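Undergrad: With the sequences and hints as input, model every part of the structure.
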Amino acid sequence: MVNPNAGWKEIPWGGKIVEAGNAREYETGSWRAQQPVVDQETCINCLECWVFCPDVSIDVKDGEMVGFHLRFCKGCGICASICPVEAITMVAEAEAEGS
Amino acid sequence: MSRFEAMDGNAATAEAMRQINPDVVPAYPITPQTSTVQTFSQFVADGEVDTEFIRVESEHSAMAACIGASAAGGRVMTATSANGLALMWEMVYIAASNRTPIVMTVVNRALSGPINIHCDHSDSMGARDAGWIQLFGENPQEGYDNCIQAVRIAEHEDVLLPVMSMYDGFITSHGLERVQIEDDGAIKDFVGPFTAHEALLDVDHPVTYGPLDFYDFYMEHKRQQVEGMKHARRVILEVAADFEKRFGRHYGFFDGYRLDDAELALVVLSSTAGTARSVVDDLRSQGLKVGLLKPRVFRPFPAEELADALRDKAVVGVMDRSDSFGALGGPLFMELSAAFKIHDVPAKTVDYVFGLGGRDTTPDQIESVFRDLAGIAETGKIQQPVTYLGVRE
Ligand code: SF4
Ligand code: SF4
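Note that the protein sequences, when read in sequence, are chains X and B. Counting in my numbering, the first sequence runs from 1 upward without gaps. Counting in my numbering, the second sequence runs from 1001 upward without gaps.
Hints were generated in silico from the structure; no laboratory data involved. A quick note: this is a predicted structure, and the numbers were derived from the prediction, not measured. Just so it is clear, CB atoms sit at the ideal spot from N, CA and C, and this is done for glycine as well. Among these hints, one or two may not hold up.
Just a few of them, taken from the derived set where beta-carbon distance is under 7 Å, the chain B residues facing chain X [stated by the list, open to error]:
#1 Asn1098
#2 Pro1206
#3 Val1207
#4 Thr1208
#5 Tyr1209
#6 Pro1211
#7 His1221
#8 Gln1224
#9 Lys1341
27 Å max Cα-Cα, derived DSSO-like pairs, lysine-lysine [what the hints assert, rightly or not]:
#10 Lys9(X) x Lys1230(B)
#11 Lys74(X) x Lys61(X)
#12 Lys1188(B) x Lys1245(B)
#13 Lys1348(B) x Lys16(X)
#14 Lys1381(B) x Lys1289(B)
#15 Lys1245(B) x Lys16(X)
#16 Lys1341(B) x Lys1230(B)
#17 Lys74(X) x Lys16(X)
#18 Lys1289(B) x Lys1341(B)
#19 Lys1222(B) x Lys9(X)
#20 Lys1222(B) x Lys1341(B)
#21 Lys1348(B) x Lys1381(B)
TA: Written out as structure tokens, the structure reads:
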């Protein structure tokens, strides 16, 4: 990814992104005001949250929903809204950090 | 072999486009540009070009399609006028910011309102800060020649900026003149094959065009555009030199007529320069030391070169075919006045706004401008910095 301190001579012309998949380097997690928290007991692993998360931030292992990639999760709440069994709740970021 | 034909400006431009054979032409009709793309669309229908012609639902879509096609990796051209250019507005800026080397003929027409289809320069002058290179042509020949040179200028890897090629609506767009049309093969050689830079369709090197660009990088990208314009100054002259070598017609930043020893100089763009030349001849025969400077390149503005060409004149009269309401005068006058100040040109300067909405500009009026300039030279006094030429009081 382009160095954040790079001068105008060093960066690609016209604001183009010339490196594929470098959104990985851009940590959108810091934008979050609310954090999703999953109740694993309630979760039925339907993975609808994985389908709908706009930031690919649902962590799935061996076909099971195991949590969130908090470096990227923007706290939009779509997962909580889409979950058919209401396994996800959104909690204030400050509270989540304190817990 | 080149050939001579009687052609109006739009037919000559369509002929240039046929010879350039661009990959994509998205266009929407608007007077007085319409016959340019109409003639070109006939070439497409007749299979004379390989171009993908996209009939869009508006000029905004036309420029959006131009940007998309250019980003995808094609050579792209279009044409518009006045309100069509206005409807493209946000896309016009985005074309320049994305560094898509689109070539667009802008047939100058008054920008409404009240609605008017005749010539003035308010359309393209309004776009002077959009980041496009702007060339103004006097007649169908210059429309043809500028269109061809524009391709090379826009696509130069040190420039990569879109170019607008202007000529006067109806006067030039629909006025038949003798035009020297070059050989198809010679034009093909001159423009050369298109080299795409970071094309969207180059799937082995994926690239994103137009992502969000905030306070952390936006200013650097604007600075890059400035650099492209700086390089354009050199490239415009290089391309003109190569054009002259191959086709014999000379182009530069501007064209002087009986200017070197003139004491009074008139600066005017496009077709009015033709009328002004005959007035210069008349007044010269009466012993008045008058001359003419017709700018060709408005963006990048060749400030230093214009200052040097006019440095020793007593009075310089600028004729502006558009106004900048609430400003100190028309855009050409303001830029030239700034150039004089920055480059220490002592000449007195006055502005004449003329020809708005197609108002006829007669040799008598141009003569009256020169008489004014002579009066200023004699008295050393400017009575009126901006005069509205031919307006009824
Ligand atoms: S949508 Fe709800 S139930 Fe389905 S996987 Fe996600 S958290 Fe579990
Ligand atoms: S809150 Fe939004 S970004 Fe975060 S995991 Fe849920 S859907 Fe994805």
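Undergrad: All hints, please: hold or fail.
TA: Each hint tested on the structure:
| no. | hint | result |
| --- | --- | --- |
| 1 | Asn1098 | holds, 5 Å |
| 2 | Pro1206 | holds, 4 Å |
| 3 | Val1207 | holds, 5 Å |
| 4 | Thr1208 | holds, 4 Å |
| 5 | Tyr1209 | holds, 6 Å |
| 6 | Pro1211 | holds, 6 Å |
| 7 | His1221 | holds, 5 Å |
| 8 | Gln1224 | holds, 5 Å |
| 9 | Lys1341 | violated, 28 Å |
| 10 | Lys9(X) x Lys1230(B) | holds, 14 Å |
| 11 | Lys74(X) x Lys61(X) | holds, 21 Å |
| 12 | Lys1188(B) x Lys1245(B) | holds, 15 Å |
| 13 | Lys1348(B) x Lys16(X) | violated, 46 Å |
| 14 | Lys1381(B) x Lys1289(B) | holds, 19 Å |
| 15 | Lys1245(B) x Lys16(X) | violated, 37 Å |
| 16 | Lys1341(B) x Lys1230(B) | holds, 20 Å |
| 17 | Lys74(X) x Lys16(X) | holds, 24 Å |
| 18 | Lys1289(B) x Lys1341(B) | holds, 24 Å |
| 19 | Lys1222(B) x Lys9(X) | holds, 11 Å |
| 20 | Lys1222(B) x Lys1341(B) | holds, 26 Å |
| 21 | Lys1348(B) x Lys1381(B) | holds, 9 Å |
Comparing the model with each numbered hint stated earlier shows that hints 9, 13, 15 do not hold.
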